[in-house]
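Engineer: Read off the chains here:
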Amino acid sequence: MKPGRIREHPILGPLAASSAEIAFTFDGVSCSALPGESIAAALLAEGVRRLRDHEASGTPRGIYCNIGHCMECRVTVNDTIGVRACLTPVAEGMDVRSGRRLPAPFGHSPDEDQGRLERTER
Amino acid sequence: MSERFSADILVVGAGPAGLCAAAEAAQYGWKVTVLDEYMRPGGRLLGQLHQERGGNWWNGIQEAKRLADSATRAGVEVRTGVSVTGLEQASGVAEGWDVWTDSGRFRGRQLLLATGAAESAIPVPGWTLPGVMSIGAAQVMTNVQRVRVGNRGVVIGMSVLAMAILSELRLAGIEIAAVVLPPRHPLSGDASIPSQVFASLLRFAHLAPRPLFRMGARLVQPSVLRKLALAGYPKRGLKLMGTPLQLRRTALEIIGDGGVEGVRVADVQPNGSAIPGSERVVEADFVCIAGGLYPLVELAAVAGCPFRYIPQLGGHVPEHDERMRTPLPRLFVAGNITGVESAKVAIAQGRVAGLSMAMSMNEAYGSASVEGRRDSRGAELLDGENALRGTASLESTNVLRGAASFESENAFRGAAPLNEKYAARDGAPLEEKLQTALEAVKQARREALIQFQPGIVEVRQEMYAKSR
Numbered sequence: 002m003k004p005g006r007i008r009e010h011p012i013l014g015p016l017a018a019s020s021a022e023i024a025f026t027f028d029g030v031s032c033s034a035l036p037g038e039s040i041a042a043a044l045l046a047e048g049v050r051r052l053r054d055h056e057a058s059g060t061p062r063g064i065y066c067n068i069g070h071c072m073e074c075r076v077t078v079n080d081t082i083g084v085r086a087c088l089t090p091v092a093e094g095m096d097v098r099s100g101r102r103l104p105a106p107f108g109h110s111p112d113e114d115q116g117r118l119e120r121t122e123r
Numbered sequence: 005m006s007e008r009f010s011a012d013i014l015v016v017g018a019g020p021a022g023l024c025a026a027a028e029a030a031q032y033g034w035k036v037t038v039l040d041e042y043m044r045p046g047g048r049l050l051g052q053l054h055q056e057r058g059g060n061w062w063n064g065i066q067e068a069k070r071l072a073d074s075a076t077r078a079g080v081e082v083r084t085g086v087s088v089t090g091l092e093q094a095s096g097v098a099e100g101w102d103v104w105t106d107s108g109r110f111r112g113r114q115l116l117l118a119t120g121a122a123e124s125a126i127p128v129p130g131w132t133l134p135g136v137m138s139i140g141a142a143q144v145m146t147n148v149q150r151v152r153v154g155n156r157g158v159v160i161g162m163s164v165l166a167m168a169i170l171s172e173l174r175l176a177g178i179e180i181a182a183v184v185l186p187p188r189h190p191l192s193g194d195a196s197i198p199s200q201v202f203a204s205l206l207r208f209a210h211l212a213p214r215p216l217f218r219m220g221a222r223l224v225q226p227s228v229l230r231k232l233a234l235a236g237y238p239k240r241g242l243k244l245m246g247t248p249l250q251l252r253r254t255a256l257e258i259i260g261d262g263g264v265e266g267v268r269v270a271d272v273q274p275n276g277s278a279i280p281g282s283e284r285v286v287e288a289d290f291v292c293i294a295g296g297l298y299p300l301v302e303l304a305a306v307a308g309c310p311f312r313y314i315p316q317l318g319g320h321v322p323e324h325d326e327r328m329r330t331p332l333p334r335l336f337v338a339g340n341i342t343g344v345e346s347a348k349v350a351i352a353q354g355r356v357a358g359l360s361m362a363m364s365m366n367e368a369y370g371s372a373s374v375e376g377r378r379d380s381r382g383a384e385l386l387d388g389e390n391a392l393r394g395t396a397s398l399e400s401t402n403v404l405r406g407a408a409s410f411e412s413e414n415a416f417r418g419a420a421p422l423n424e425k426y427a428a429r430d431g432a433p434l435e436e437k438l439q440t441a442l443e444a445v446k447q448a449r450r451e452a453l454i455q456f457q458p459g460i461v462e463v464r465q466e467m468y469a470k471s472r
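So the protein lines, in turn, are chains A and B. Numbering of the first sequence is given in our numbering, commencing with residue 2 and proceeding in unit increments. Numbering of the second sequence is given in our numbering, commencing with residue 5 and proceeding in unit increments.
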């Protein structure tokens, strides 16, 4: 079940109603955000929490600190790499793309390297 | 050729300390620019939401807006979405600081670092899965972004911050299945040992609704009694607002395919060792890891500031005196970068830093140039020669009276209280205002609802006594 937005709150009050939704794409899929929302928040509101695959291991990653310290949320925005999704407000027409696993040099994957290390240690 | 300045005073961090310092210094005619990499001003104050002793709600978003509006009204330029990438002392004719950012270089005569604190992470196997986040991340997503972090979560780590945020998540209608301890390994330390966690929680018993905690607080001193109390702690945990705090349970691994699906847990002895055969899986779609807080001091290190390691304040803190001055010329610190305390202490420290900076600006450069104040675009102001002339300082907008002293030495490090002839708009000398502000910090510290670590009052006294 998509968790979605917190529209009502007993102390903070209702989420400001806004018909002005901002359209953007994530890996080519159409998404929308409310004004002022970060890329990470807008995607999470739609149930998307995988923001990239790790460059070496390929494991899926999403936000961790949500305040710009850890760089886990890095995405490519309009062809600029390394943009922190947690700090960047969505703009109309933004093309956001997730990073993928990069080709491994010499054909080794990190898992193969780890296996080699373990065999050596025995 | 004179190098031009972007501002008289640069502040890195638009949290409570930075905004208050900026607003204060700007009162005395100085041009202040605040830089912050987040999308809006307020720092970590933004996510705060809790009830105070009197029952009224401390609403971080409202408080942050109040501080940001104050700063703007005082003429401060607050630039959000700007990341500082480097800084160094400015060389050449003009003395000051160069701050490099992803929006270009800023040059100021004085620099305040108010970068706050960050969360320590406790690694847990499986912690890279989407859906695992720091407890602070959950606070920001919930209260600031108003997006649900998930349907059912587990919190790993039982600190006072975790408890506060747990209540905020519950307030927003988000279910937390359990709060458990982190796994025992070299990086989790005491956080994985039930008896230690119990002892630290008892210090905050006055905040807890449960009678056991209140009773337990009286047992803090004798460690034997503490162990007995812990032995009576039910394995299924004690409920706090419907969520079991499971002091006798540890997280072994976060599991899931593509994202969090659950947490494998096991029961533990009071000393933290796992009880064989007690493993089970708690279903969850998000996990919050709650380590401690530590001052975010990277920029002070880049500046070349010396440090002290003070565990009660969260770790390494830049050396500074009670007036928020570091040993480096024209470099100040305020807020959680000086040690992890409450937002109210950060606000009070910000005011001290603002006054301190205004006083040393007066001492070094005379009263503020009016030409600078008139420049609403906030571009280059107060170039070297104008500052020293000081002739434009007699108009009504300038709030300072008295002649500037051009021969005064640098006001830092062992200087006597600054000259009382520098008066403010209301006639009170700045030194007097500073004394009042220093008292306000001590008061905020005394009244703090939560002391993140015991002994903060003592270490502060010791630290500031040494630097006098």
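In short, the hints are calculated from the structure, not lab data. Backbone N, C-alpha and C define an ideal beta-carbon position, used for all residues, glycine too. Incorrect hints may appear among the rest.
[Claimed, not checked] Pairwise CB distance ranges (calculated):
#	chain 1	residue 1	chain 2	residue 2	range
1	A	Thr-60	B	Gly-177	25 to 33 Å
2	A	Leu-103	B	Leu-191	27 to 35 Å
3	A	Asp-80	B	Glu-302	25 to 33 Å
4	B	Gly-263	A	Thr-77	38 to 46 Å
5	B	Gly-108	A	Thr-60	35 to 43 Å
Engineer: For Gly-263 (chain B) and Thr-77 (chain A), compare the CB-CB distance with the range 38 to 46 Å and indicate the outcome.
Structural biologist: violated (21 Å)
Engineer: Quick check: does the Cβ-Cβ distance between Gly-108 (chain B) and Thr-60 (chain A) fall within 35 to 43 Å?
Structural biologist: At roughly 36 Å between Cβ atoms, Thr-60 (chain A) and Gly-108 (chain B) fall inside 35 to 43 Å, so the hint holds.
Engineer: Does the Cβ distance between Asp-80 (chain A) and Glu-302 (chain B) fall inside 25 to 33 Å?
Structural biologist: holds (29 Å)
Engineer: May I ask you to test the hint 25 to 33 Å on the CB atoms belonging to Thr-60 (chain A) and Gly-177 (chain B)?
Structural biologist: holds (31 Å)
Engineer: Is it true that Leu-103 (chain A) and Leu-191 (chain B) lie within 27 to 35 Å of each other by Cβ?
Structural biologist: holds (28 Å)
Going through the hint list in order, the structure does not satisfy hint 4, though it satisfies all others.
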